[in-house]
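Chains as they are written, first to last, in the working numbering: chain A, 1 to 148; chain B, 149 to 262.
It cannot be assumed that every hint is accurate.
[Unchecked claim] In silico DSS-like pairs for lysine-lysine, Cα to Cα no more than 30 Å straight-line: (1) Lys184(B) x Lys131(A); (2) Lys91(A) x Lys192(B); (3) Lys233(B) x Lys103(A); (4) Lys184(B) x Lys233(B).
Please keep in mind that the hints were generated in silico from the structure rather than gathered at the bench.
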Amino acid sequence: MSGDRLSYKWDSTLETVDNAEQTASRVATDSGFAEDEVMQISMAVREATVNAVLHGNAYDPEKKVELEFERTDQDLVITIRDQGKGLDEKKIPDPLAPENLLKTSGRGIFLIRSFMDDVKISTSQTGTEVKLIKHVHGETAGGKEASQ
Amino acid sequence: MNLKISTRQVDGVNIVDCNGRITLGEGSVVLRDQIKDLLAKGQKKILLNLGDVNYIDSSGIGELVSAYTTVRNQGGELKLLNLTKKVHDLLQITKLYTVFDVKDDEATAIKAFS
């Protein structure tokens with residue numbers, strides 16, 4: 001899908017979370033990423049969409065989640081936007097700190113950053129935009145390990 | 149595929165065979181209810197067989213942590229059995245692999261319960 005852009009606007013529901021994951025898996029596969037990387041990309045998109053639906057839009061039926069998939073020559077870029085109050089990443093505790101290991105939540109952003117090559121989060125009073133970037137290497141896509 | 153669960157008992161240990169995905173929503177609720185049900189019956193030795201679980205999201209990880217602490221707080225033991233590579237890798241990067249008692253052989257796991 002080099003040069004292509006796919007855009008979606010979905011309701012703030014759990015079905016949207018599943019749709020986002022499945023769409024990411026399909027796009028990543030079509031972009032030539034290996035199976036492990038497809039899983040990483042689709043999980044990062046799932047986690048970002050969970051944040052948008054639950055923490056951003058808080059299941060508000062009036063608020064939508066927007067997803068964009070864009071394949072450039074160098075990258076697969078996925079953007080997830082919500083219409084919530086905004087995310088303050090500094091307020092999210094480090095999930096790897098010993099005192100937080102047994103917490104039952106707070107690992108989403110950490111997993112997203114672990115799985116993607118670059119993550120840009122911009123937030124305002126009208127919502128949060130999360131941009132997920134995975135680099136493409138050569139004829140077939142590669143992951144972080146391949147780029148190091 | 150949503151999570152399907154069946155339970156069996158071997159030498160006093162309750163083995164919970166999980167099949168499918170443990171994710172936000174139904175998958176997490178099914179697991180939570182099963183743990184709650186076992187504890188309500190006084191069954192506090194629980195072995196979660198995750199051999200057929202090929203996908204867990206952060207909510208699912210949270211559910212495993214919740215199950216572990218809930219069982220432990222009631223004086224019981226919860227161990228994990230047969231992690232798939234994906235689940236193993238997730239527990240590694242979240243530093244939870246050393247928190248859970250993880251086994252890859254059912255007989256050994258059963259003997260490990262006190």
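The hints, checked one at a time:
no. : hint                  : verdict
1   : Lys184(B) x Lys131(A) : violated (39 Å)
2   : Lys91(A) x Lys192(B)  : violated (36 Å)
3   : Lys233(B) x Lys103(A) : holds (23 Å)
4   : Lys184(B) x Lys233(B) : holds (27 Å)
Figure legend: structure checked against the earlier numbered hints; hints not met, in rising order: 1 and 2.
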